[in-house]
Amino acid sequence: MNFEITNEPLDVGEIARRVVPEECGATVTLDGYVRRFTKGRETKHLVYEAYEPMALKEMEKLADAAKEKFEISSVGIVHRLGKLEIGETSVVIAVSAPHRRAAFEACEWLIKELKRTVPIWKKEVYADGEVWVEGERDGNAGVPPA
Amino acid sequence: MNFEITNEPLDVGEIARRVVPEECGATVTLDGYVRRFTKGRETKHLVYEAYEPMALKEMEKLADAAKEKFEISSVGIVHRLGKLEIGETSVVIAVSAPHRRAAFEACEWLIKELKRTVPIWKKEVYADGEVWVEGERDGNAGVPPA
Amino acid sequence: MRVKVLFFGATADEAGTNEAEIELNRPSTSESAFEAILAKFPALTTNRKPEDLLFAVNQEYVAGGESIAEDDVLAVFTAVSGG
Amino acid sequence: MRVKVLFFGATADEAGTNEAEIELNRPSTSESAFEAILAKFPALTTNRKPEDLLFAVNQEYVAGGESIAEDDVLAVFTAVSGG
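Chains as they are written, first to last, in the working numbering: chain A, 33 to 178; chain B, 33 to 178; chain C, -7 to 75; chain D, -7 to 75.
One chain only, chain A, in its complex shape (with noise of 0.2 angstroms):
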């Protein structure tokens, strides 16, 4: 499956190797994991939620733009939720083409989007505290980012 939110830890490669069509010569696999400073802050783990459902047509929404905009033949996304410790894997983007400049483009641009519109949300938390991360707004009240 292309698209999946998962409380197992990802493997890396597996997922890079779902997309692999025979008119394809390069996959690019964006890796985002936990890291142990932000800002000088240090965490002790991370706690990712989602709104599951809404979660993965937002993501299919994505691919399918991604697959409009650039000249690519497939993409993976897969999202872990749940405790993740230092390192961990929490989500992962691979994007296959024939030619390798749209699948650089194409994971980069998706992993952009990815965090402005899937509704998943991160905990942080440190030593002395905990927080849910809020990303960026500059919208209307209720209404998704432009």
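None of these hints come from the bench; they were simulated from the model.
Each hint should be verified, as a subset may be incorrect.
Residues on chain B that point at chain D, a partial pick, calculated with CB under 8 angstroms [said to hold, decoys possible]:
hint: 1; residue: S122
hint: 2; residue: R133
hint: 3; residue: A159
Keeping only pairs whose Cα atoms sit at most 25 angstroms apart, straight-line, the calculated SDA-like set for lysine to any residue is [as the list claims (entries may be wrong)]:
hint: 4; chain 1: B; residue 1: K144; chain 2: D; residue 2: S73
hint: 5; chain 1: A; residue 1: K155; chain 2: C; residue 2: M(-7)
hint: 6; chain 1: A; residue 1: K155; chain 2: C; residue 2: K41
hint: 7; chain 1: A; residue 1: K144; chain 2: B; residue 2: R133
hint: 8; chain 1: D; residue 1: K41; chain 2: B; residue 2: D170
hint: 9; chain 1: A; residue 1: K147; chain 2: C; residue 2: A4
hint: 10; chain 1: B; residue 1: K89; chain 2: D; residue 2: G57
hint: 11; chain 1: A; residue 1: K101; chain 2: B; residue 2: T70
hint: 12; chain 1: B; residue 1: K115; chain 2: D; residue 2: E11
hint: 13; chain 1: C; residue 1: K41; chain 2: A; residue 2: E168
hint: 14; chain 1: B; residue 1: K93; chain 2: D; residue 2: Y53
Restraint-style ranges between C-beta atoms, simulated for each label pair [as the list claims (entries may be wrong)]:
hint: 15; chain 1: A; residue 1: K99; chain 2: C; residue 2: E62; range: 35 to 41 angstroms
hint: 16; chain 1: A; residue 1: D96; chain 2: B; residue 2: V163; range: 37 to 43 angstroms
hint: 17; chain 1: D; residue 1: E27; chain 2: B; residue 2: H77; range: 34 to 40 angstroms
hint: 18; chain 1: B; residue 1: E40; chain 2: D; residue 2: D5; range: 22 to 28 angstroms
hint: 19; chain 1: B; residue 1: R68; chain 2: D; residue 2: E27; range: 40 to 46 angstroms
hint: 20; chain 1: C; residue 1: E52; chain 2: A; residue 2: D160; range: 35 to 41 angstroms
hint: 21; chain 1: C; residue 1: S24; chain 2: B; residue 2: R68; range: 55 to 61 angstroms
hint: 22; chain 1: B; residue 1: G114; chain 2: D; residue 2: G8; range: 31 to 37 angstroms
Note that the structure is a prediction, hence the values are computed from the model and not measured.
The beta-carbon is built from N, C-alpha and C at its ideal position, and this holds for glycine as well.
Please build the complex by placing chains B, C and D on the supplied structure of chain A, with the hints as guidance.
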């Protein structure tokens, strides 16, 4: 090991996972593999050959140059040699960085430079013949591409 | 009419629940439904402005002006932070 | 003086070997050594121009003007096509 030339099949995920320092949050990986059709002609398989010690040196130079040029933490480059079937991975370049933008830029730069400077050659084997592919050249005799 | 409202992450903590049912007037638009939810769960806007929240109807972001029907599933959440 | 010359891919096919020893005058530069190799292995330039070939001394691309010493390892190959 961060730079490697091997006759064994490549495990893309394992290579990407070699470069995950704690200050990082993203690894971008290029997985290049054998395409069945190139300009309408069907490839049966490929054969790669390298000037191995020089190729390893050139990979290391590229990684050093990328670290000068981009805000990245680690680079892994692995190239496979010998006979490769359709869909099999020939090259993996994995770049980790605190922030994903630099990882995308560096990974794209590295594959472009690898194809220009690292002494590895590809033989395309068709149903009716075979040919060693020669890269682009516009320099002086003997002198490497600018 | 009754509709279901879902909360996630910060909004679930503030609402004290992941899920609630609320009573709306007929007809209701996405705007009036959103206002009714904020009125019933004032903690959602204690430390942020309403425009910092996102609102979905039946798993789609609202564009504004949508009619709300009985049994619709609404959701109110903060700007997303996945990835 | 004697030096070793390596060939790869297309140049190995054309030279009929992966490796040869050749005798060079003293002193030799990278340019004169390269010319001596092309003279000894004319098949390398039957179907391409000399400027389409690359030349390395001791696993480094030549920049031009390098002195060649006894026991240096030279290599002549076509523009690379890995990746």
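Hints, one by one, checked against the model:
1. S122: holds (7 angstroms)
2. R133: violated (23 angstroms)
3. A159: violated (20 angstroms)
4. B:K144 <-> D:S73: Measuring from Cα to Cα gives roughly 11 angstroms; hence the hint holds.
5. A:K155 <-> C:M(-7): Since the Cα atoms of K155 (chain A) and M(-7) (chain C) sit roughly 34 angstroms apart, the hinted pair is violated (cutoff 25 angstroms).
6. A:K155 <-> C:K41: Given pair K155 (chain A), K41 (chain C) holds - Cα atoms ~20 angstroms apart, limit 25 angstroms.
7. A:K144 <-> B:R133: Status holds; Cα separation ~10 angstroms.
8. D:K41 <-> B:D170: holds (11 angstroms)
9. A:K147 <-> C:A4: Given pair K147 (chain A), A4 (chain C) holds - Cα atoms ~20 angstroms apart, limit 25 angstroms.
10. B:K89 <-> D:G57: holds (22 angstroms)
11. A:K101 <-> B:T70: holds (23 angstroms)
12. B:K115 <-> D:E11: holds (22 angstroms)
13. C:K41 <-> A:E168: holds (13 angstroms)
14. B:K93 <-> D:Y53: Between K93 (chain B) and Y53 (chain D) the Cα gap is close to 12 angstroms, so the pair holds against 25 angstroms.
15. A:K99 <-> C:E62: 35 to 41 angstroms: holds (37 angstroms)
16. A:D96 <-> B:V163: 37 to 43 angstroms: About 39 angstroms separates the Cβ atoms of D96 (chain A) and V163 (chain B), which means 37 to 43 angstroms holds.
17. D:E27 <-> B:H77: 34 to 40 angstroms: Because 37 angstroms falls inside the window, the suggested range holds.
18. B:E40 <-> D:D5: 22 to 28 angstroms: holds (26 angstroms)
19. B:R68 <-> D:E27: 40 to 46 angstroms: holds (42 angstroms)
20. C:E52 <-> A:D160: 35 to 41 angstroms: Cβ of E52 (chain C) to Cβ of D160 (chain A): about 39 angstroms, so the range 35 to 41 angstroms holds.
21. C:S24 <-> B:R68: 55 to 61 angstroms: holds (57 angstroms)
22. B:G114 <-> D:G8: 31 to 37 angstroms: violated (22 angstroms)
Consistency with the previously given hints fails for numbers 2, 3, 5 and 22, ordered from lowest to highest.
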